[in-house]
Amino acid sequence: MEETTKRELVLHVNGEQRSIVTRQAETLLFVLRDGLGLTGAKPGCLNGDCGACTVLVDGTPIKSCMMLAIETVGKEITTIEGLDDAPIQHAFVRHFAFQCGYCTPGFIMNAHALIERHPGADQATIQEWLESNICRCTSYQEIEAAVKEALAAKKAKTDS
Amino acid sequence: MVPFDFAYYRPQSIAEATALFAALERDGKRPLYYGGGTEIITLSRLNLVRTAAVIDIKSIPECRSLDVDNGSLVLGAALSLGELEEANPFPLLTKAAREVADRTARNQITLGGNICGQIFYRETALPLFVAEADVIIAGPYGIRQCRFLDLFHQQLQLGRGEFVVQFKVDRATATLPHFHRKRRKQGEVGYPLVTIAALKKDGTVRVALSGICPFPFRSADVEAHLNDRNRPVGERIQAAVDAFPRPILHDIEGSADYRLFVAAQLLEDMLRELGDGETV
Chain X
73 MEETTKRELV
83 LHVNGEQRSI
93 VTRQAETLLF
103 VLRDGLGLTG
113 AKPGCLNGDC
123 GACTVLVDGT
133 PIKSCMMLAI
143 ETVGKEITTI
153 EGLDDAPIQH
163 AFVRHFAFQC
173 GYCTPGFIMN
183 AHALIERHPG
193 ADQATIQEWL
203 ESNICRCTSY
213 QEIEAAVKEA
223 LAAKKAKTDS
Chain G
152 MVPFDFAYYR
162 PQSIAEATAL
172 FAALERDGKR
182 PLYYGGGTEI
192 ITLSRLNLVR
202 TAAVIDIKSI
212 PECRSLDVDN
222 GSLVLGAALS
232 LGELEEANPF
242 PLLTKAAREV
252 ADRTARNQIT
262 LGGNICGQIF
272 YRETALPLFV
282 AEADVIIAGP
292 YGIRQCRFLD
302 LFHQQLQLGR
312 GEFVVQFKVD
322 RATATLPHFH
332 RKRRKQGEVG
342 YPLVTIAALK
352 KDGTVRVALS
362 GICPFPFRSA
372 DVEAHLNDRN
382 RPVGERIQAA
392 VDAFPRPILH
402 DIEGSADYRL
412 FVAAQLLEDM
422 LRELGDGETV
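Chains X and G, in that order, are what the protein sequence lines are.
Start counting at 1 in the first sequence, then tack on 72, and there's your number in this note's numbering.
Start counting at 1 in the second sequence, then tack on 151, and there's your number in this note's numbering.
The following block holds chain G by itself, in its conformation from the complex:
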């Protein structure tokens, strides 16, 4: 139940969507781009979202693409996590998607929505960080392509009226050896204490984390410590944990100390599983 009214628009093209946004914005409607809608509907019920217009991007063909173009996977922002799991073009992304919400909800939750919504775990961003994906963005000034990491500072830095159309992932990178774990407070239900996604390219481990801070991250400092093979693994992990950005989450799901403890264990599992050569 949405306790206020809004108008619903379903543009068929990128140009129509951005023009609609501009017109609705001029009319003071504070429009929102709409993917799966799960977060907009549930947060509206709690009065945490309010808008007078939503622009559903699911009929825009580019937002629905699941394709290979010049050696890159092209993943439309309006693909549902369930569709990505079933097609499995990027196994690390499949593993990250599978741990979000539940199977039925993932038939609605979209890749773009998981990354651009308000709920800050954004766990499908992690595989895109470590694969060094590009993001294609449409807005009032046209379409642009950037490195996803360059545009992600705690959250994706979109201008007013912009929306994510696609992600592009190098096809060879998408099949590299990888590691994914999500640890929750209890069993299989709930938000993460720690989620970790990693892949190994040219002998170097790339790692991204969610659940540690109120934003997901990939850190050059953290990776430098983890890949410093001149030191024992225990020291590398401790230095990596010490280099995590701040603040560390400290809430009902888990204390800051506990999250760091779990993260250290998962980093150890990751290094072992990716065959980092040394015993811990």
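Chain X on its own, in the form it takes in the complex:
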């Protein structure tokens, strides 16, 4: 039986292969932040409630405080650092959809996945997805406006 608790993992993060030696019991959030220096995903509740740590794994939003890094071997991880001028980022700026900004990377990753997966998302779907994230500054109206603008832009581009 395998006795060592640490293992070398090769993770695909933001289009790069990154190698790291880490505990098998370590969460993806901790490995991204402390192991790879990608501090965009934020530790909030560490209990899967707040969504501040949301990243994409194969395009699916995941709360990285509740996933082991070792589970993501062979998958493509995208963090906020891996988004390059995504429309949702500009929409957040235009609508000033943040105050302190702590929740912003998580909201943006979740919203980015929503836009990519469901460009025709209706109000119920938007609400269902955004309920996964909490903003303590309560910028919810501005966030909703930003998401709707980016969705409309994506839909127009898809339809044309």
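Since the hints were made in silico from the structure, they are not lab data.
It is possible that some hints are incorrect.
Said to hold, decoys possible - The calculated EDC-like cross-link candidates involving lysine to aspartate or glutamate, where the alpha carbons are at most 16 Å apart (straight line), are:
1. G:Lys209 / X:Glu200
2. G:Lys319 / G:Glu283
3. G:Lys246 / X:Glu200
4. X:Lys78 / G:Asp156
5. X:Lys220 / X:Asp194
To be verified - Here are the simulated distance ranges between beta carbons:
6. G:Pro291 / X:His190: 52 to 62 Å
7. X:Asp106 / G:Asp321: 25 to 35 Å
8. X:Gln89 / G:Arg177: 29 to 39 Å
9. G:Leu199 / X:Gln89: 34 to 44 Å
10. G:Thr326 / X:Asp194: 45 to 55 Å
11. X:Ala196 / G:Arg423: 43 to 53 Å
12. X:His84 / G:Arg423: 33 to 43 Å
13. G:Phe155 / X:Val145: 32 to 42 Å
14. X:Gln89 / G:Ser406: 24 to 34 Å
15. G:Ile270 / X:Asp231: 42 to 52 Å
16. G:Asn239 / X:Gly146: 19 to 29 Å
17. G:Asp420 / X:Ala228: 19 to 29 Å
18. G:Leu197 / X:Gly87: 29 to 39 Å
Here the structure is a predicted model, which is why all the values come from computation and not from measurement.
Using N, Cα and C, we set each Cβ at its ideal position, and we do this for glycine too.
Dock chain G against chain X, hints included.
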């Protein structure tokens, strides 16, 4: 953050998983089967779970099946609730799944994990109770198929080293008229005061509940009262509530009396919506 170390295994087959479990058990590792991992990770952080090894079942093909076989839906235990919602093969199960945690968390939480974890609401069990699903279980003695209800007494009675591979649901039953409601203390956030799932087959209502007791249940006595059309609906509901198993939960989420009050209202809504014929 998990405040202790464990080894992580990802078997590719049922046989590999059960053999690993046996070997790790012999080594004193107290292994746990691992689905989405959300509960193991969050409860580990609070020192409510401890293990020296986890066996991730997500690479076992049978645990990932979403298929139809001889008129039965085959739902793998390692399907995420999000995947089940998007595929929507069993609309009542979709409705139950949608009310668990939040959309992002449901990308990780698995069907098997929701039913076999420690958190006792296990709300995705309710549609499987009323659809009279079968459960396929793998363990040290091979693979067995049983009626899910027969093996569920407050929780699923799994032997040491066993894990759920799949559920099988009759395809015609999965599309019958149904009803689902979850009522919480506040808005859309939190555990249930009462969750109710029901379906109507051959003129008879089947109903299962969570949030009433520290376990989900479906009760023959409760259903007998609800389906007793010789009595007025109000009496049927009161008799059904009186027949609930005990104890009734009485905690910060809601008092026992309040939970029973909410349950009675939801039973009334259910009977009305499933067209039980009588006005209340």
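Cross-check of the supplied hints:
no., hint, in the structure
1, G:Lys209 / X:Glu200, "violated, 26 Å"
2, G:Lys319 / G:Glu283, "holds, 9 Å"
3, G:Lys246 / X:Glu200, "holds, 13 Å"
4, X:Lys78 / G:Asp156, "holds, 9 Å"
5, X:Lys220 / X:Asp194, "holds, 10 Å"
6, G:Pro291 / X:His190: 52 to 62 Å, "violated, 44 Å"
7, X:Asp106 / G:Asp321: 25 to 35 Å, "violated, 50 Å"
8, X:Gln89 / G:Arg177: 29 to 39 Å, "holds, 37 Å"
9, G:Leu199 / X:Gln89: 34 to 44 Å, "holds, 36 Å"
10, G:Thr326 / X:Asp194: 45 to 55 Å, "violated, 23 Å"
11, X:Ala196 / G:Arg423: 43 to 53 Å, "violated, 24 Å"
12, X:His84 / G:Arg423: 33 to 43 Å, "violated, 53 Å"
13, G:Phe155 / X:Val145: 32 to 42 Å, "violated, 21 Å"
14, X:Gln89 / G:Ser406: 24 to 34 Å, "violated, 56 Å"
15, G:Ile270 / X:Asp231: 42 to 52 Å, "holds, 43 Å"
16, G:Asn239 / X:Gly146: 19 to 29 Å, "holds, 28 Å"
17, G:Asp420 / X:Ala228: 19 to 29 Å, "violated, 41 Å"
18, G:Leu197 / X:Gly87: 29 to 39 Å, "holds, 36 Å"
In this structure, the earlier hints numbered 1, 6, 7, 10, 11, 12, 13, 14, 17 are contradicted, and the remaining ones agree with it.
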